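S.K.: Let's have the full structure, built from the sequences with the hints guiding it.
Counting from 1, position 180 in the sequence shown corresponds to residue 180 in full-length UniProt numbering; the numbering is continuous, with no gaps.
Since the hints were made in silico from the structure, they are not lab data.
A quick note: this is a predicted structure, and the numbers were derived from the prediction, not measured.
Every residue, glycine too, gets a C-beta built ideally from N, C-alpha and C.
Misleading hints may appear alongside valid ones.
What the hints assert, rightly or not - The list that follows gives simulated cross-link-like pairs (lysine-lysine, DSBU-like), each with its CA atoms no further than 35 Å apart: (1) LYS155 <-> LYS32; (2) LYS45 <-> LYS155; (3) LYS45 <-> LYS63; (4) LYS58 <-> LYS145; (5) LYS32 <-> LYS63; (6) LYS63 <-> LYS204; (7) LYS189 <-> LYS155; (8) LYS58 <-> LYS35; (9) LYS16 <-> LYS63.
What the hints assert, rightly or not - Quick list of simulated restraints, FRET-style, between CB atoms: (10) THR175 <-> THR69: 16 to 26 Å; (11) SER22 <-> THR175: 37 to 47 Å; (12) LEU162 <-> SER53: 44 to 54 Å; (13) ASP36 <-> GLN154: 29 to 39 Å; (14) GLN141 <-> ALA34: 15 to 25 Å; (15) GLY233 <-> SER53: 23 to 33 Å; (16) GLU238 <-> PRO185: 26 to 36 Å; (17) ASN220 <-> ASP36: 42 to 52 Å.
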Amino acid sequence: MSGIIQLDNSDCSYIKANVSNSHNDAVAFEMKFAKDITIAQLKSKLEILTGGSASTMKVELYKGDTFVTALSNNDAKLGFYVNCDGLRLHVIDTFASFGFDSESVEKFELTNDQYEQRGDSVRNFLKQNRLGKYNDEEMQQMEAKRREHAEQMQKRAESCVLGARCQVTVAGNPTRRGTIMYNGPLEGKTGIFIGVQYDEPLGKNNGSVGGKSYFVCPPNYGGFVSPLSVEVGDFPPENFDLDDEL
Numbered sequence: 001m002s003g004i005i006q007l008d009n010s011d012c013s014y015i016k017a018n019v020s021n022s023h024n025d026a027v028a029f030e031m032k033f034a035k036d037i038t039i040a041q042l043k044s045k046l047e048i049l050t051g052g053s054a055s056t057m058k059v060e061l062y063k064g065d066t067f068v069t070a071l072s073n074n075d076a077k078l079g080f081y082v083n084c085d086g087l088r089l090h091v092i093d094t095f096a097s098f099g100f101d102s103e104s105v106e107k108f109e110l111t112n113d114q115y116e117q118r119g120d121s122v123r124n125f126l127k128q129n130r131l132g133k134y135n136d137e138e139m140q141q142m143e144a145k146r147r148e149h150a151e152q153m154q155k156r157a158e159s160c161v162l163g164a165r166c167q168v169t170v171a172g173n174p175t176r177r178g179t180i181m182y183n184g185p186l187e188g189k190t191g192i193f194i195g196v197q198y199d200e201p202l203g204k205n206n207g208s209v210g211g212k213s214y215f216v217c218p219p220n221y222g223g224f225v226s227p228l229s230v231e232v233g234d235f236p237p238e239n240f241d242l243d244d245e246l
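M.R.: Here is the structure:
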C-alpha cells in the first residue's frame with residue numbers, strides 16, 4: 001500500500017503507535033496493537049481508550065503531522081495499513097456528550113498553563129511515567145529510526161533509474177518483474193514512489209493515479225510502490241511456456 005513505511009521490528013506481529021483524538025489533540029499516548037486485528041476490533045479498543053464510539057468514530061493514520069491515509073475498511077487487518085512503529089492513530093468522533101446541549105451549559109475551560117499545573121491531568125501522568133512523547137530516550141530512538149529509514153529510502157530511490165529492470169516485492173502480493181517508468185512524488189501523497197510497468201497484468205492501473213498520468217502502459221500493468229519494495233538488477237521477463245504443462 002502506498003504511503004506506508006516499513007521498518008524492522010523485533011516483534012513483527014505487533015506495532016507500536018501513538019494514539020490521539022479530536023477531543024484533545026494535545027495529548028497522545030503510545031499503545032501496542034496486534035497487526036492481525038481488524039479495523040473494527042481496533043475501533044473497539046480505541047473506544048475504551050478515548051471515550052469515542054466504535055460505531056461512529058473515524059480513524060486516520062499520520063506520520064508526525066502528515067496525513068497518510070484513513071483506516072476506512074472495517075474488515076481489513078491493521079497490518080494492511082500499518083507496518084512499522086512510530087506512526088500516529090488519530091481518532092475523530094463527537095465523543096461522550098451524554099445528551100446535553102453543550103451550548104446551554106457553562107463551559108469549564110483551562111488555559112494551557114492552567115492545564116500544565118494540574119497534578120491529575122493525563123499530560124502530567126504521561127510526564128511522570130515517561131510515556132509517549134515524554135520519554136526522551138524512546139523519542140530519540142524513534143527519531144534515529146526515522147532518519148535511518150529516510151536514508152535507506154533515499155539510497156534505494158537513487159538506484160531506481162528509469163528504464164531499469166526490477167523485481168517488486170510487496171507483502172500480500174506475488175513477486176513481480178517489470179521496468180521502472182517513474183521515480184518521484186505522487187500528487188496528494190507523502191514521499192517518493194517508483195512507477196513500474198509489470199511484465200504481466202498484475203498491477204492496479206495504467207500509469208495513472210487520481211486522474212493524473214505519470215507514465216503510459218496497458219491497463220493493470222502499472223503500479224506505484226515504495227523504493228524499499230524495488231530491487232534493481234538483471235531480471236529478464238519470465239517465460240511461461242504453456243506447452244510444457246500437462
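S.K.: Could you work out which of the previously given hints the structure breaks and list their numbers from low to high?
M.R.: Hints 2, 15, 17 contradicted; others consistent.
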